[in-house]
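Asker: Chain by chain, the residues run as shown.
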Amino acid sequence: MSALIEVRDLKKYFKTPKGNLHAVDGVSFGIERGKTLGVVGESGCGKSTLGRVTIHLLEATSGRIFFEGKDISQIGGAEVKRYRQDMQMIFQDPYSSLDPRMSVSNIIAEPLRIYRKCRDEAELGAQVGRLMDRVGLARRLADAYPHELDGGRRQRIGVARALSLNPKFIVCDEPVSALDVSIQAQILNLMQDLQAELDLTFLFITHNMAVVKHISDEILVMYMGKMVESAPSGSVFAERFHPYTKALLAAVPVPVLGGKKERRLLKGEISSPVNPKPGCRFAKRCEFATELCSAEEPPFAEAKPGHRVACHHVKSINALA
Amino acid sequence: MSDTVSMKKRGQFKETWRRFTKNKGAVIGLGFIALLAVCALIPSVIAPYGFDDQLLSRRFQSPSGAHLFGTDEYGRDIFSRVVYGCRISLTLGLVSVTISCALGIVLGCVAGYYGKVADNVIMRVIDVMLSIPNILLAVSIVAALGTSFFNLMLAIGIGAVPGYARVVRAAILSVKEQEYIEAARSNGASDLRIIVSHIVPNCMAPIIVQATMSIASAVLSAAGMSFIGLGIMPPTPEWGSMLSSGRAYIRDYWYVVTFPGLAIMLTVFSINLLGDGLRDALDPRLKS
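Listed in order, the protein sequences are those of chains A and B.
Taken in order, the first sequence gives residues 1 to 321; the numbers are from my numbering.
Taken in order, the second sequence gives residues 322 to 609; the numbers are from my numbering.
Worth flagging that the hints you see were computed from the coordinates, not collected in a lab.
Check each hint, because a few of them may be wrong.
Unchecked claim - Cut-off 25 angstroms, straight-line C-alpha distance, at most; resulting in silico cross-link-like pairs (SDA-like, lysine to any residue):
(1) A:Lys15 to B:Lys335
(2) B:Lys497 to B:Gly436
(3) B:Lys335 to A:Asp143
Claimed, not checked - Listed below are several chain A residues computed to face chain B (Cβ distance under 10 angstroms; list not exhaustive):
(4) Ala3
(5) Gly63
(6) Ser96
(7) Ser97
(8) Ala126
(9) Leu149
(10) Ser164
For each residue, glycine too, the CB sits at the ideal point set by N, CA and C.
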């Protein structure tokens, strides 16, 4: 089966007074219809930028994006508007992603108004009502304003707005990280139900390993704009090959009384993403780094079938044949 | 439960009105403005004398039952002139503020939203305008276009544009970084739609404050213009020119300047109250 959305060697550089900031640097992935790709990495590694570039909220510096087999990396203007119907986004902060001066019903109705999906106000009202039911928002909240609602309900509004145009692909930019834990589970379950029901494809950006394990089919680990490891979800949680992924997963606390596990503290400083030096970007913090690492960029190659890693020493570190 | 969800059109107005009426000061302000509006619409019914009925034998009479606010140096009834002056002063304040508001919002939006070259060009022109004293700018505009009531309002309005443009631009710079603007863009909203339905409503508070404050200065600038002969020509009653002509008699006949001055003060005061009330009533976050 071919991928619904595919990205090849995507790059996004921001111009800064000091030079080019390499936010996303050569990322490639493909997501099949109905599947979820989880993108994880620490703050500032380019996850959010990747999501925004993928759906044309930011212009890519280079690279190609294919949606349903069509190259959409060079489109502009009216075509972008047409593709926006198929590609939506759920935002991180439900407090700032909803216009405080619009009522709930108007927020959800806005995309429908922009694309003139409804003939009259009555049809619009009916459609908004159905969307509210679908995401589990009581209809009596239609006239409320976002500030009157709690974080979970606000995020449901964001989900309803993203669903209103019947998109095929949704970029979820840390949709639960601003919510408290009990609400996180509700929203995640809602999103999974909707995915199954509507055959949605997600690009799910998060830094929360538990969340990504729960929702993803595939996982892509990013570090400073580069892909460092990608594999099916179960595979990453069973065995990880890149030193950074190992450190990332080792940082997840274990909820067991008296439970102890090996700690891997990362030492060293994060090097600057502005005009990065050649070589592996993780080299400065990596306990296994050699001269080769700071001289030459590691290839993103298969370490096992379906499991790709960008590390020169993947074999020696992990005792692979 | 009905099948549809209300899309809130009339309900919103009712809700705003309810919040507005909760604010006592704002209601008082609105009441006074309404009173002025009545004076402006039907001055001949309210005023006991004509605005230019002169009778030199009754010059400088103190306020009494016959002349509520007294009479001026030509024996004209000051109360009647204040009532007739409503029309001129109110129109002048509102129209000039509307002109500067509209221009300032458009310029501020373009500068703040598009940034870069547009921002630099617009803001440098605004800086140039700010370096010219307001009264001088107004004088040159009226001198170029000719003396008329509309040109006076235009001149005063243009002089106030830089203030609006700066306030609007600053407000937009903070609002446009909000995530809901990006959300609107990802929903396919055009720039115009984003500006009109998301950015401007969220910038209303400083705009309303600026507008209510500048009505006062518009009335006073008009007085200044009348004083140098480029504004309202006598005998047309205008509060500012009544003030400046009464200035000469202030030591002997206090009422000649006091009542037009009070009229300006109360108008400005009630417009400020009204503006504050409006700002709060239009903000759904302050609902309670």
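Asker: Indicate, hint by hint, whether the structure satisfies it.
Answerer: Okay, the hints, checked on the actual structure:
no.: 1; hint: A:Lys15 to B:Lys335; verdict: 49 angstroms, violated
no.: 2; hint: B:Lys497 to B:Gly436; verdict: 11 angstroms, holds
no.: 3; hint: B:Lys335 to A:Asp143; verdict: 13 angstroms, holds
no.: 4; hint: Ala3; verdict: 21 angstroms, violated
no.: 5; hint: Gly63; verdict: 20 angstroms, violated
no.: 6; hint: Ser96; verdict: 4 angstroms, holds
no.: 7; hint: Ser97; verdict: 4 angstroms, holds
no.: 8; hint: Ala126; verdict: 5 angstroms, holds
no.: 9; hint: Leu149; verdict: 12 angstroms, violated
no.: 10; hint: Ser164; verdict: 8 angstroms, holds
Against the hints set out earlier in the document, violations occur for numbers 1, 4, 5, 9.
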